[in-house]
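Engineer: Note that the protein sequences, when read in sequence, are chains A and B. FYI, in my numbering the residues of the first sequence are 97 to 837. FYI, in my numbering the residues of the second sequence are 248 to 422.
It is worth saying that the hints were derived from the structure and are not from the lab. None of the values given here were measured: they were computed from a predicted structure. From the three backbone atoms N, C-alpha and C, an ideal C-beta is built for every residue, glycine too. Some hints here could point you the wrong way.
[What the hints assert, rightly or not] One-sided and incomplete, this derived list gives chain B residues near chain A with beta-carbon spacing under 10 Å:
1) PRO327
2) HIS340
3) CYS345
4) GLN373
5) HIS417
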Amino acid sequence: MMDGTPKAFDVALTMDETQPRVLDRMAQGLLGTAMDRPDGPLKVTGTAPYAAEHSVDGLATGFLVRATITRGRVAHVNVEGAMALDGVLAVFTGDPLLRNPAQGTAAEAPEQVLPEVHYLGQPIALVVAETFEQARHAAQTLDLTYDAEEGADVDPATATETETPKGKRLDQGDLAAAMEVAAHSVDTRYTTPGHSSAPMEPHASVAQWIDGRLELHGAYQMLKYNVAELADALGVDESAVRIHAPYVGGGFGSKLGIAPEAVAAAHAARELDRPVRVVLTRDQVFEMTMRRSETVQRLRLACNGEGHLTALGHEDRVSNLPDEGFAEPTAQGTHFLYGGENRFFEQTVARVHRSCAGSVRAPGEAVGMIALECAMDELAEAAGLDPIDLRLRNIPDTHPEDDLPYSERGLARCLTEGAERFGWSGRGAPASRLEGDWWVGMGVASAVRTNILGESKARVTLRPDGTALCETDMTDIGTGTYAILTQIVGEMLGLPRDRIEVALGDSDLPKSSGSGGSWGAQSCGSAVFLAAKGIRNALAEAAGVAEDDLTLKDGFATGGNTRRPLSDLITDPIVCEGHVQPGDTSDDFSIAGYGAHFAEVGVHRDTGEVRVRRMLGVFSIGRVLNHKTAVSQCHGGMIWGIGSALTEELMHDRSDGRIVNHNLAEYHVPVSLDVPQLDALLLEDTRDDEANPIQAKGIGELGISGAAGAIGNAIYNACGVRVRDFPATPDKVFPGLPDTD
Amino acid sequence: MKLTLTVNGQARSLDLDPRVTLLDALRHHLGLTGTKKGCDHGQCGACTVLVDGRRINSCLALAVSHDGDQITTIEGLGTPDAPSDLQTAFVAHDGYQCGYCTPGQIMSAEAMLSEIAEGWPSYVSQSLEANPALTDEEIAERMSGNLCRCSAYPRIREAIAAVRDARAGHAEAAE
Chain A
97 MMDGTPKAFD
107 VALTMDETQP
117 RVLDRMAQGL
127 LGTAMDRPDG
137 PLKVTGTAPY
147 AAEHSVDGLA
157 TGFLVRATIT
167 RGRVAHVNVE
177 GAMALDGVLA
187 VFTGDPLLRN
197 PAQGTAAEAP
207 EQVLPEVHYL
217 GQPIALVVAE
227 TFEQARHAAQ
237 TLDLTYDAEE
247 GADVDPATAT
257 ETETPKGKRL
267 DQGDLAAAME
277 VAAHSVDTRY
287 TTPGHSSAPM
297 EPHASVAQWI
307 DGRLELHGAY
317 QMLKYNVAEL
327 ADALGVDESA
337 VRIHAPYVGG
347 GFGSKLGIAP
357 EAVAAAHAAR
367 ELDRPVRVVL
377 TRDQVFEMTM
387 RRSETVQRLR
397 LACNGEGHLT
407 ALGHEDRVSN
417 LPDEGFAEPT
427 AQGTHFLYGG
437 ENRFFEQTVA
447 RVHRSCAGSV
457 RAPGEAVGMI
467 ALECAMDELA
477 EAAGLDPIDL
487 RLRNIPDTHP
497 EDDLPYSERG
507 LARCLTEGAE
517 RFGWSGRGAP
527 ASRLEGDWWV
537 GMGVASAVRT
547 NILGESKARV
557 TLRPDGTALC
567 ETDMTDIGTG
577 TYAILTQIVG
587 EMLGLPRDRI
597 EVALGDSDLP
607 KSSGSGGSWG
617 AQSCGSAVFL
627 AAKGIRNALA
637 EAAGVAEDDL
647 TLKDGFATGG
657 NTRRPLSDLI
667 TDPIVCEGHV
677 QPGDTSDDFS
687 IAGYGAHFAE
697 VGVHRDTGEV
707 RVRRMLGVFS
717 IGRVLNHKTA
727 VSQCHGGMIW
737 GIGSALTEEL
747 MHDRSDGRIV
757 NHNLAEYHVP
767 VSLDVPQLDA
777 LLLEDTRDDE
787 ANPIQAKGIG
797 ELGISGAAGA
807 IGNAIYNACG
817 VRVRDFPATP
827 DKVFPGLPDT
837 D
Chain B
248 MKLTLTVNGQ
258 ARSLDLDPRV
268 TLLDALRHHL
278 GLTGTKKGCD
288 HGQCGACTVL
298 VDGRRINSCL
308 ALAVSHDGDQ
318 ITTIEGLGTP
328 DAPSDLQTAF
338 VAHDGYQCGY
348 CTPGQIMSAE
358 AMLSEIAEGW
368 PSYVSQSLEA
378 NPALTDEEIA
388 ERMSGNLCRC
398 SAYPRIREAI
408 AAVRDARAGH
418 AEAAE
């Protein structure tokens with residue numbers, strides 16, 4: 097029996113070594129199951145509170161004003177005119193308003209350039225009024241003048257200022273020579289347009305200063321970074337900022353870094369000494385938050401007579417605003433997915449005056465894998481090989497550039513087991529299957545997503561009554577954090593789900609990695625695992641048995657031939673904080689999630705319209721933490737693949753760079769009728785012992801990687817039209833359709 | 248302007264700026280934040296409510312134009328402790344992820360099931376005369392006004408299909 101005051105201690109782990117599979121010897125049987133989300137009942141009844149819904153007395157409303165020039169300066173703002181309107185409280189026009197959001201994990205304020213204007217749509221002022229309607233009216237009629245500069249670069253293809261970022265060029269062997277002598281080769285060019293995250297919840301902040309400390313209810317993914325960014329932007333100490341984000345209505349990268357509405361709301365609340373709410377309009381979400389850069393990609397692939405790659409080149413051109421460090425990491429997955437000794441990579445970043453480019457779900461692989469996987473399809477045809485066979489022949493033994501070994505990698509299984517499940521053997525030659533008015537074909541693509549462990553802390557408290565509390569500043573942006581942390585605690589401490597409470601989304605709680613880059617579940621989950629492991633050790637000590645000999649299940653502890661309730665072992669709560677940090681394994685191994693996509697499409701023989709008829713994704717991600725939420729993440733990624741393959745495209749005005757289709761009517765995210773019932777299979781028996789102590793890898797982004805490539809390849813197989821300019825809208829398919837008369 | 252809305256069976260008197268939408272009347276003036284604002288332009292369906300039993304985008308309606316109307320919001324269907332059959336099915340089938348579009352999806356589904364029962368055809372119906380069967384494709388078409396960026400569509404349709412079957416079972420048992 098432990099006694100005395102509550103026990104509090106830390107368990108820390110730096111990932112320097114291969115980890116034992118502790119979770120596999122636990123007895124509760126909760127982890128990995130298809131447990132319903134604990135947050136579900138609140139979400140389906142409309143009672144889960146999102147940022148804009150935080151209720152507080154005396155709330156004023158702010159409305160942001162956007163620039164209507166591409167480049168120049170705000171010359172004059174008629175503040176007096178706006179102040180004369182009903183209900184208007186203030187107009188803010190300069191510092192500290194942001195040019196654009198912080199990039200993910202920036203931990204410092206983004207550019208603050210007012211009165212300069214760097215792109216059309218940039219926030220330039222905030223109007224605050226008593227009501228939303230008053231603020232909107234005053235903002236939309238705000239009288240202001242500009243000193244506009246002509247001739248700003250807005251087209252990435254012709255931009256004069258370009259650069260190759262450090263580390264974004266690799267020249268290994270002699271690619272040109274290898275292409276020359278190869279048995280088969282392709283030299284091909286793909287383009288992808290810009291994409292928008294378009295989360296259903298617009299970015300929103302409710303800011304209130306209480307005794308000199310900011311309490312901000314916001315829609316954010318990574319609170320420890322967001323606190324630093326917000327404090328820096330406002331010129332206050334980090335200790336003076338607290339962010340709450342218990343429910344976030346989707347992020348997909350757009351809520352990684354602090355955004356204009358948060359700084360504007362916080363500044364106005366401080367100046368007016370009353371709480372202020374600022375919510376972006378849908379148009380503003382498109383313009384003032386991150387876009388995924390458009391890409392132009394050149395793929396050069398060559399193989400010998402046996403279908404082994406001898407050359408692999410992936411060059412890309414992307415864009416961003418001046419002074420932004422982020423560049424879409426287009427070729428990220430290409431570096432280690434396939435072999436080939438002669439390799440060439442080079443990225444060019446064009447500086448343009450368009451909305452800021454940043455992370456959108458699976459930055460890099462989401463668009464790089466479209467080009468790579470379609471080019472592989474082209475090479476397979478050139479070599480007369482089945483596309484799956486070509487891929488299987490080119491899975492390298494070690495990393496083709498630095499010779500590192502791979503950790504768990506289920507690519508071959510995903511391809512072969514997926515082929516069997518999908519009925520791949522029924523695939524025919526291009527344009528050989530016409531069913532009614534529809535050409536039908538199948539396509540395949542590999543999926544890969546770099547895996548990252550981020551430093552994370554979490555606190556777990558076990559109470560003598562057999563209930564537990566898990567606390568971390570981690571967020572649940574729809575990914576299932578509430579569910580998986582409940583399951584990890586339950587599995588380790590032998591508790592059923594209803595005995596566990598998970599508190600998230602408060603920056604005062606132990607600092608996690610946050611949610612982004614597919615690292616949230618594994619990083620934060622590892623910290624929770626370590627905290628629970630510390631409690632297990634304490635319980636074992638109290639029971640007088642070795643931790644290995646302690647079985648915890650349904651609130652009972654069994655060990656040393658006795659079974660007793662937890663209340664017999666402890667009289668005071670045990671509190672343990674887990675702390676995980678990346679270490680040597682991420683330098684010593686190439687660690688990634690893998691998968692394979694299979695798509696069957698119909699292409700209308702008269703119009704070129706493409707419909708996805710069937711789709712299978714098979715994924716190898718190490719341990720599955722919750723089967724239900726993991727499959728939902730797979731579905732989400734695959735459907736984003738459908739969108740990027742067929743409908744999604746940010747369109748920019750050629751003269752001023754503005755996003756023309758900055759709304760959900762004209763930027764076409766998939767709707768229900770665009771999506772067939774999907775098949776997503778997880779290889780549940782896999783474990784990645786090098787990734788982290790829970791052997792789990794990210795799934796939030798792997799599902800989109802390659803998905804659009806499989807659809808592009810299916811279009812080719814269906815009708816013989818190779819689309820290299822995505823999305824594959826009917827106008828691009830129609831001209832090449834076979835004559836069926 | 249003075250008006251009265253009957254919201255979830257309860258008469259609510261309001262004195263509103265005529266520019267206030269039905270959506271903002273619910274969210275900002277009645278504290279009913281279950282109805283979500285996703286676009287404010289009738290493009291996403293997150294703000295779907297029932298007006299006299301029919302689904303509408305409440306962001307496209309001015310509150311004053313609904314004086315005297317019966318409004319049903321997500322809060323009127325059920326509570327966390329006593330959820331409706333659709334609400335329960337959405338949890339069981341994981342017919343959501345972030346949850347932001349979910350109230351709109353559920354309100355839309357509720358109205359859609361009534362529309363089917365009344366024999367309304369859709370774009371994908373094979374006949375304009377015969378009562379349509381609520382196939383997966385019919386559900387998909389009829390729910391395509393409700394965007395879900397998490398893309399829970401397959402499981403939203405599964406949840407609705409489960410409720411369709413359960414209600415049909417109940418109807419059969421009652422006969």
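Engineer: Next, verify each hint and record whether it holds.
Structural biologist: Status of each hint after checking the structure:
Proximity of PRO327 of chain B to chain A holds as hinted, the smallest CB-CB distance being about 4 Å (cut-off 10 Å). This hint holds: HIS340 of chain B has a C-beta 9 Å from the nearest C-beta of chain A, less than the 10 Å allowed. With 10 Å as the threshold, the beta carbon of CYS345 of chain B comes within range of chain A, its nearest partner Cβ sitting at about 3 Å, so the hint holds. Here the hint on GLN373 of chain B is broken, as its CB sits about 14 Å from the closest CB of chain A, past 10 Å.
Violation of the interface hint for HIS417 of chain B is found here, the shortest Cβ-Cβ separation to chain A being roughly 20 Å, above the 10 Å cut-off.
Comparing the model with each earlier hint shows violations of hints 4, 5; every other hint is respected.
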